[in-house]
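S.K.: Sequence lines, in order, name chains X and F.
Mind the numbering: the first sequence is residues 16 to 133 in our numbering, read in order.
Mind the numbering: the second sequence is residues 179 to 408 in our numbering, read in order.
Worth flagging that the hints you see were computed from the coordinates, not collected in a lab.
If you're wondering where the values come from, they're calculated on a predicted model, not measured in any experiment.
Glycine residues also receive a C-beta, built at the ideal position from the N, C-alpha and C atoms.
Heads up, some of the hints might be wrong.
Unchecked claim - Keeping only pairs whose Cα atoms sit at most 25 Å apart, straight-line, the calculated PhoX-like set for lysine-lysine is:
#1 X:K129 x X:K85
#2 X:K129 x F:K180
#3 F:K359 x F:K328
#4 F:K185 x X:K85
Said to hold, decoys possible - Output of the computed footprint for chain F on chain X, the stretches with three or more beta carbons under 8 Å from beta carbons of chain F:
#5 18 to 29
#6 47 to 55
#7 99 to 106
#8 110 to 117
#9 120 to 128
What the hints assert, rightly or not - A few chain F residues that don't get close to chain X, going by computed Cβ distances all over 10 Å:
#10 K180
#11 T182
#12 N191
#13 A222
#14 L231
#15 W260
#16 H271
#17 E321
#18 R334
#19 L346
#20 E353
#21 V364
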Amino acid sequence: MHETSIIEELLEVVRRTAEENGLVRVTGLVVRAGEMRAVVPELMREAFAVMSRDTVAEGAALEIELVPLKARCRACQRVVRVQQFAFFCPRCGQALSEIVSGKELDLVQVTGDKGDSP
Amino acid sequence: MKVTVLKDILDANHQVAAQNRALFDRHRLLVLNLMSSPGAGKTALLERTLRDLRGKLRIGVIEGDIQTTLDARRVERAGAAWVHQINTRGACHLDAGMIAPALVGAPLGRLDALVIENVGNLVCPAEFVVGEDHKVVLAAVTEGEDKPAKYPLMFRESSLLLVNKIDLLPHLDIELSAIHKAARRVHPGLRILDISCRTGEGLPAFYEWLTSQVQRRRQGAKRGGKRTRA
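Take these sequences, add in the hints, and give me the full structure.
M.R.: Given below as structure tokens:
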């Protein structure tokens, strides 16, 4: 469910990116997804395979880079890895309020074929 | 050919949400995005709130459901100042683009608050901002204490957690403190109110919060809600 909602948005971003760069066919995509987004790469790829039919990205390989969830501790200034979504500093026990990484949901690379110039 | 880009996949939604937001700003209207699992009591909370605050706050409601207009009729009967039903026809959440057309011609200037009741789901609604001031998450005690750990984004993004159906606690093997602890693990400092929409217990504290947020918004305070990215 969640993955199909994201793929629907992704396909629109890919369509525009292809258009801007004159790509007639998209063969590969790299998406960076933060841990907080809780995406399952396998489900993302399955949803993409189905939903990309009849689009510029039909059959493209979707690569997903997962970004670990990290936050800064305001007390000790350390950037720590947040384990199992518990937002407390493992060293000083303070609440972690500032997320440094792990909320991304970005398209970072598109590979494709240019059309022949007229 | 390889193209390196950096594009937020949800950017199109963010842009429409910003347009909705500008419209709400013009009216200094408090907007809440109310979310929960199916059956946690979102509509019951609205019905009770509308009845208890009749004559005090003019509250409009946008109902989001996959199908039917049952909820719209319920809140209309309870005294909503304006009601609009959105049927998502399969989509499991509301997004900014569904809210925008609903606002055309809406009497926003005659409302004190607008509550957007999202589709019952703890996953997708947290991903899609609609232009709200605050996300409010409702969780029934019958759902147990593991929901915040399973759906961290929802509990992390919300400004207020309402723990509903506390009148059922004597029949359950669950402690309120365990639910609070689980929610604050994901979101330290989260504001939590324990309520029962059946008995009315705890609701005055919610009404107080709601009224103070309306006043803040009227006075032109900037939004207290968070964007999707910290």
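S.K.: Each hint should be assessed against the structure and marked as holding or not.
M.R.: Hints, verified against the model:
no.: 1; hint: X:K129 x X:K85; in the structure: 38 Å, violated
no.: 2; hint: X:K129 x F:K180; in the structure: 10 Å, holds
no.: 3; hint: F:K359 x F:K328; in the structure: 14 Å, holds
no.: 4; hint: F:K185 x X:K85; in the structure: 21 Å, holds
no.: 5; hint: 18 to 29; in the structure: holds (count 6)
no.: 6; hint: 47 to 55; in the structure: holds (count 3)
no.: 7; hint: 99 to 106; in the structure: holds (count 5)
no.: 8; hint: 110 to 117; in the structure: holds (count 5)
no.: 9; hint: 120 to 128; in the structure: holds (count 9)
no.: 10; hint: K180; in the structure: 5 Å, violated
no.: 11; hint: T182; in the structure: 6 Å, violated
no.: 12; hint: N191; in the structure: 7 Å, violated
no.: 13; hint: A222; in the structure: 25 Å, holds
no.: 14; hint: L231; in the structure: 33 Å, holds
no.: 15; hint: W260; in the structure: 28 Å, holds
no.: 16; hint: H271; in the structure: 7 Å, violated
no.: 17; hint: E321; in the structure: 17 Å, holds
no.: 18; hint: R334; in the structure: 7 Å, violated
no.: 19; hint: L346; in the structure: 27 Å, holds
no.: 20; hint: E353; in the structure: 19 Å, holds
no.: 21; hint: V364; in the structure: 5 Å, violated
Violation of the numbered hints given earlier is confined to hints 1, 10, 11, 12, 16, 18, 21; the remaining hints are satisfied by the structure.
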